[in-house]
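J.: For chain A, the structure is supplied; the task is to place chain B on it using the hints.
In order, the protein sequences belong to chains A and B. Using the working numbering, the letters of the first sequence correspond one by one to residues 1 to 119. Using the working numbering, the letters of the second sequence correspond one by one to residues 1 to 119.
Simulated from the structure, these hints should not be mistaken for laboratory data. For clarity, every value in this text was computed on a predicted model and none was experimentally measured. Think of the CB as a built atom: it goes at the ideal place given N, C-alpha and C, for glycine as much as any other residue. One or more hints might be untrue.
Claimed, not checked - To give an idea of the interface, some chain A residues facing chain B are shown, with a C-beta separation under 7 Å as derived from the structure:
1) 11
2) 30
3) 54
4) 56
5) 81
6) 84
7) 88
What the hints assert, rightly or not - If you anchor each label on the Cβ, the simulated ranges turn out as follows:
8) 90(B) - 44(A): 42 to 48 Å
9) 47(A) - 23(B): 38 to 44 Å
10) 10(A) - 23(B): 29 to 35 Å
11) 44(B) - 96(A): 35 to 41 Å
12) 110(A) - 19(B): 45 to 51 Å
13) 23(B) - 32(A): 42 to 48 Å
14) 25(A) - 76(B): 25 to 31 Å
15) 79(A) - 67(B): 23 to 29 Å
16) 47(A) - 109(B): 31 to 37 Å
Unchecked claim - Here are a few chain A residues that face chain B, going by a calculated C-beta distance under 10 Å:
17) 13
18) 25
19) 37
20) 83
21) 97
Listed here are the chains, written in short residue letters.
2 protein chains.
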Amino acid sequence: MALQHARPGEAIDIRPLGARLREVATHALLKTHALEVIRVVLAAGEAQPRHRVAGELTLLCIEGQVQVEAGALSCRLDAGHLLLLPALAEHSVRALADASLLLTLQLPPGAPGSASSTV
Amino acid sequence: MALQHARPGEAIDIRPLGARLREVATHALLKTHALEVIRVVLAAGEAQPRHRVAGELTLLCIEGQVQVEAGALSCRLDAGHLLLLPALAEHSVRALADASLLLTLQLPPGAPGSASSTV
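Next comes chain A alone, as it looks inside the complex:
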């Protein structure tokens, strides 16, 4: 999917994908020097394997249900639930049902570029 980053002042529709979910891949919504926002799309049973990113992040479950594992933490997120993960925390995300999530990444000054290739 071609990435069309939104610009400041441009509203982005992040409503649930519903029946279209399986036609949509994970994609970046916007990226600046300080923030990156990505819609993560996972079909039931799919997972993002264990990885970590340089900055802090929040994960907001837009639809569906996922299980997040990070170190000793194991947390289920349903639609409308938000989770903070600290910088450099190794974590994995597994979809218990078709799910999409809003991933907001804080990009520390001087950190290497996009984290979207790792999520």
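T.: Positioned in the frame of chain A, the structure of chain B alone reads:
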């Protein structure tokens, strides 16, 4: 309202407040050295007057409808719409209907503490 900041690994319920909206005030959901997340609650007709914050921010309309003005920009946000505003952009938010929003603030290194007193 007492502020109970969530800790990393603790899921936060940010589903629409619905009928409870007018009983809930704007409140911080979490704050670290790099990110602050606030639920902004505005009854129809209420507004956050023009202000600015040090970092970049995203505004996600959880429910209701707001009008955001920032410089020459005027943007209406409905539920499920996300908007990025650059650092130091003077902006105001006015509720066109009872609304709650997820405000995610990036806190630049060395910036003065909480921005929640200004939003």
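J.: Does each hint hold? Answer for all of them.
T.: Now for the hints, and whether the structure bears them out:
1. Checking residue 11(A) against chain B: minimum C-beta separation of about 4 Å stays under 7 Å; hint holds.
2. Interface restraint check: residue 30(A) against chain B, minimum CB-CB distance 5 Å, threshold 7 Å, status holds.
3. Residue-level restraint check for residue 54(A) is violated (minimum Cβ-Cβ distance to chain B is 11 Å; threshold 7 Å).
4. The beta carbon of residue 56(A) comes within 5 Å of a beta carbon in chain B, closer than 7 Å, and the hint placing it at the interface holds.
5. Because the beta carbon of residue 81(A) sits about 5 Å from the nearest beta carbon in chain B, less than 7 Å, this interface hint is met.
6. Hint status for residue 84(A): holds, given a least beta-carbon distance of 5 Å to chain B, under 7 Å.
7. Using the Cβ-Cβ criterion of 7 Å, the hint placing residue 88(A) at the interface with chain B is not satisfied: the shortest such distance is roughly 12 Å.
8. About 45 Å separates the C-beta atoms of residue 90(B) and residue 44(A), a value consistent with the hinted range of 42 to 48 Å.
9. For the hinted restraint 38 to 44 Å between residue 47(A) and residue 23(B), the CB-CB distance of approximately 39 Å keeps it satisfied.
10. At roughly 33 Å, the beta-carbon separation of residue 10(A) and residue 23(B) lies within the given 29 to 35 Å, and the hint holds.
11. Distance hint for residue 44(B) and residue 96(A): a CB-CB separation of about 37 Å, consistent with the stated range 35 to 41 Å.
12. Separated by about 47 Å at the C-beta atoms, residue 110(A) and residue 19(B) satisfy the suggested range of 45 to 51 Å.
13. Checked against the hint of 42 to 48 Å, the C-beta distance between residue 23(B) and residue 32(A) comes to roughly 36 Å, which is inconsistent with it.
14. For the hinted restraint 25 to 31 Å between residue 25(A) and residue 76(B), the CB-CB distance of approximately 29 Å keeps it satisfied.
15. Judged by the Cβ atoms, the range 23 to 29 Å given for residue 79(A) and residue 67(B) holds: they are separated by roughly 26 Å.
16. Checking the proposed 31 to 37 Å range against residue 47(A) and residue 109(B) shows it holds: the Cβ atoms sit about 33 Å from each other.
17. Evaluation of the residue 13(A) hint against chain B yields a held restraint, the C-beta minimum of about 6 Å falling below 10 Å.
18. For residue 25(A), the shortest C-beta to C-beta distance to chain B is roughly 19 Å, which exceeds 10 Å, and the interface hint is violated.
19. The criterion of a C-beta within 10 Å of any C-beta in chain B is met by residue 37(A), whose closest approach is roughly 6 Å, and the hint holds.
20. A hinted interface residue such as residue 83(A) counts as satisfied when its beta carbon comes closer than 10 Å to some beta carbon of chain B; here the least separation is about 5 Å, so the hint holds.
21. Interface restraint check: residue 97(A) against chain B, minimum CB-CB distance 16 Å, threshold 10 Å, status violated.
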